[in-house]
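Asks: The residues making up each chain are set out below.
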Amino acid sequence: MKFLTDLILKMGTVDRRWIFLVIALVVIIPLFFPLGLPIRATATTQYVYDTIDALPHGSKVLVSCEYGPSTKPEIHPMVLSVMRHLFKNKHKVYVTCLWPDGQFLASDALNLVARDEYGLTYGEDYVLLGFRPGNEAVVKGIVSDLRKLYTIDAKGTKITEIPMMEGVNRFEDFDFLFSASAGYPGTIEWVQYAVDPTNVPMSTGTTSIQVNDVMPYVSAGQIQGILAGMPGAAEYEALIGVPGIGTSGMDAQSIAHLVIVLFIVLGNIGYFIERNRSKKY
Amino acid sequence: MNDRDFIIGAGGVTFSFLIYWFMGHPFFIIERIVMFIAIMTFTGTLLFFIRKARRGEEIFLREIPGLKAVEEAVGRSTEMGKPVLFVPGIMDMDQVETVAGVIVLGHVSKMTARYETTLNVPVSRAIVMKAAQDVCKESYLMEGRPDMFHEDMVHYLTDEQFAYAAGVNGIMVREKPAACMYMGKFYAESLILAETGNSIGAIQIAGTASQAQIPFFVTACDYTLIGEEFFAASAYLSQRPELIGGIKGQDMIKIIIIGMIIGGVVLRFLHDGGMIDFNILEFLTVR
Amino acid sequence: MFGEIFGAWVAVFLTFAIFSFLYKDNPFYKIAEHIFVGVSAGYWTSMFFWTQIQPNLFGRLWPSTHYSDGIWYGVYDLFGFISSSIFPAGGIDKGHELHFSYLIPFALGIMMLLSLFKKLNWFARWGIAYTVGMAAGLRAYGFLNSNVILQIKGTIIPLLDPDLPFFSLLGDSHFNNLVILVGTVTGLLYFFFSKEQTGNFGKVTRVGIYFLMISFGASFGFAVMGRISLLIGRFTDLITYNDASYHHATIWVLVIMVAILGYSTFTDKGNSETDVS
Amino acid sequence: MLWKRQIPILIVAVIGSITLFGWFINEPNIKSFVDDDATQWFDILASFAIFLGGFNLLKMQLQKIFRRQRGWQYSIFAIAGFFLAITAGFFYKGNPDVAWGTHVTADGTLFKWIFTYMFAPLQATMFALLAFFVASASYRAFRIRNFEATLLLVSGIIIMIGRVPLGSFISSWFILYLLVLIGGITVNSFFKNKQYTAIFVIVGIIVVTAAGSSLGWPLDQPGILYLPYLQEWIYKYPNVAGARSIMMGIGMGIFATSIRYILGIEKSYIGE
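Protein chains in written order, with our numbering: chain A, 2 to 282; chain B, 10 to 296; chain C, 19 to 295; chain D, 14 to 285.
Bound-form chain A, shown alone (with noise of 0.2 Å):
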């Protein structure tokens, strides 16, 4: 029994490193070998998939995208499958940035599903806007006057001359917003400055550490459900039924917090365990 004490004490205060090395292995394994957990969708993910299932066909959605490179394994696999969902619905796709590396993202996710996957043409089924400089001043250039902020899209073409440009003018012709977003300017400028001013339906997904911030607006009614993370991600591939990195990501998730949980528990043991002896001495 003794033995077992000192061991779960020095687990109480064992060096940090020991964990670092645990964490790596165990997020790794899973990537090689795949234990393929199935995968339930919580409310606020079908919440999403609701909203925007239950959008008329062919309607105009504006995509946006605030995610830069750290935050796109969290964030690029919710776009993709929203994309997907939104061209397997027939709708008009309209991407624009707040975040200048967005663009590079954003068109890569385009040129995967809409191009593709779904061999839709540029410009009639799909439009990448692109990036512009000013954070929440883009947001409520848009709201304002569109044109005025977009006179050309991210490849130089002049608006006037892109088909589906055709009767877009203001945020308000806009049937549906879905925010990518991973902090400032993001999902908050959104509804701060065009959702709550407009009443244009909108839902969003954020990294898994903004939701706490976004939470409130979700309950206050002022947002349509959020995807939280990659979770959220593997939930929304779940629903539409195309598995991707999201799904893949989520074995090795759910055994790196059974470690954590572990560790926490442990730390707690050897915790007490030397408070009593603390006092006995």
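Don't take every hint at face value.
Have a look at the derived ranges for each label pair, beta carbon to beta carbon [unchecked claim]:
1. A:Glu275 / D:Arg81: 43 to 51 Å
2. A:Thr161 / C:Met19: 38 to 46 Å
3. D:Tyr209 / C:Ser186: 30 to 38 Å
4. B:Arg71 / C:Ala277: 56 to 64 Å
5. C:Leu132 / D:Gln76: 18 to 26 Å
Please keep in mind that the hints were generated in silico from the structure rather than gathered at the bench.
Here the structure is a predicted model, which is why all the values come from computation and not from measurement.
For every residue, glycine included, the Cβ atom is placed at its ideal position computed from N, Cα and C.
Given chain A's structure and the hints, the job is docking chains B, C and D onto it.
Replies: What follows is chains B, C and D alone, placed relative to chain A:
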């Protein structure tokens, strides 16, 4: 400005606004009337208590452990002969938290001048660099130690969030400061800084209104000023009457807000029950 | 093609160099840190110039739509002579109108640059003053609206809603609404400064702290999830770069770095290399 | 003194009032200033100031080299990196058919190469360090020192496990036994009496076992207290209440602080 002038001025402004209002208030965006009333009421409350404090009235403020620890941390650094590291957040002066962080830096640099401790302030924005250099120079002047101030105390690293975190990590691990202070607006890099600071055994005090980062500072730092406590820091550290009066004013605004919530629940109860037709939710909708 | 292979090797080296910080502060991390600081400072300096100063400032002072051969555009042509890439012939076509008001930020910007000289150090104060003034006005309205008024509206709960059950785990219910009302009000009272938190008032604020702690635990739980997925993203990139088309960059770089680090730890067992305990 | 202090304070008051009350004035020029120009002016100002930052960085690194301060060799990397990015930004595009200005966001340029193979991996890897630090921080911080720390731990663990697929498999037996144990810890930290704790835990286990076997809870599928639903409840109600009170506190703090700046009550950011 004594009381009489203030009342005449405030009365004049209100009176002229009422005339403008009853003349049909041209150019006024009527949907935002709630915000206008809120701004006027809250500003009036603040000014009332600031003026009360200026008249010398005693105002009690409860103790905030984090702010008491600031002076102890600088003292500890002096004893150990190690520098104090101050991080004013990663955003620019267009965020109110960054301005509040620079003001706290002013008070901390007064302490480092008094205790003759080395101060290291790596910044992530050039305008913050200029403002921080100005504030530190002023503090060292006011403490009578202009000789100890040198401009490189405040130095620019980079605008990029994670390169800045990497650079500050390097400073922490190599110079091993005894006290680390994080005052301003932070994003995901907050835990990188706090965990590295914890690993070198420094005393850590954080103050931020970045809601998503507060849990990390609470778990990884010794003291954390949560949201509003961070904005009260300049009043506590300077002990200037008008700032302390402002804090008392903020408390009164909290009472108004709690009153609005409870009153709103009652009004909604009456509205749903059909007793009254005034709809509080409609009134509070700002377009 | 060479650019991609060489790039992959650089990316893999920099990735392992940053990860090596977890072991201890070492030369590889110092190299990656200094490269990152230098490259990112230059990156953002270029990015800001080409996405702000050139299109938004010069684009509004000398738009191509108003090109004429008056004095104003004469000055422009002079600039064009100095650098035709920044000032292309015929004015800047970024879809802006002519706004002389943009001479103000231009002047503030020049003053900021001139504040480099010791005697003109106070020039920066006007730019700082503008920034703080703008921030105070915009954020005061934005935060009061979204953080206070709209949250008050969200906390005004319906007591008299017939189709709301008393308790349900997921959907709205009277119990859940009461939890939100009590939690928000007691949480607000915790932030009361001008009253000692003792006695009955102390009990109420203690309930408020409980709600704050649950909220901190929830966002910490969420953060663990997000951070792990970022690590998954890094490892998937490293696995891609281990492909034959990149000449197995990952394995090679990993082996070399571990060997060098292992050797250096072994040799300088004694000396006082800074060490992350 | 007029130029160095009075005018800056005047600028703050005037610009602050315009951007605060501009929201109520339905006049095109003021509306466009508040909606667009105010932030655009700041972005332009910041874009000039960054050159000062770059200059300060170079000065510090060069100083380190000339004075042979500790670690000066690494400053060479910082300076080389800076000039590499400046060259890609201003002097060498790498892809001739891309116009100047669009080369910072277009494919095939040296700038994009630096972004893809240096900037993005460094940024993503520094961010991924958090996966390790979040683990070590939660290991160290989630300790049952007092009742508040226990709440932090319980809500964190329930959210952590509830949001991943594994969470939907944990049966009610496991959760209820866990709750009985946590209840025991809380009772112990309140009453500090071993007998009470022992009685509470034993009674708790008996009640759970009886209820479970009588109601026939499945071993793998959760009967009640389905963890993902439990975490959804924590995250949509008590968590939102706590977050909302902090949010309102922040909203008031920022409003009051901004008013102090605009009215000139606090001006120490410009020096006393």
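Asks: Compare the structure with the hints numbered earlier in the document and write down the numbers of the violated ones, lowest to highest.
Replies: none
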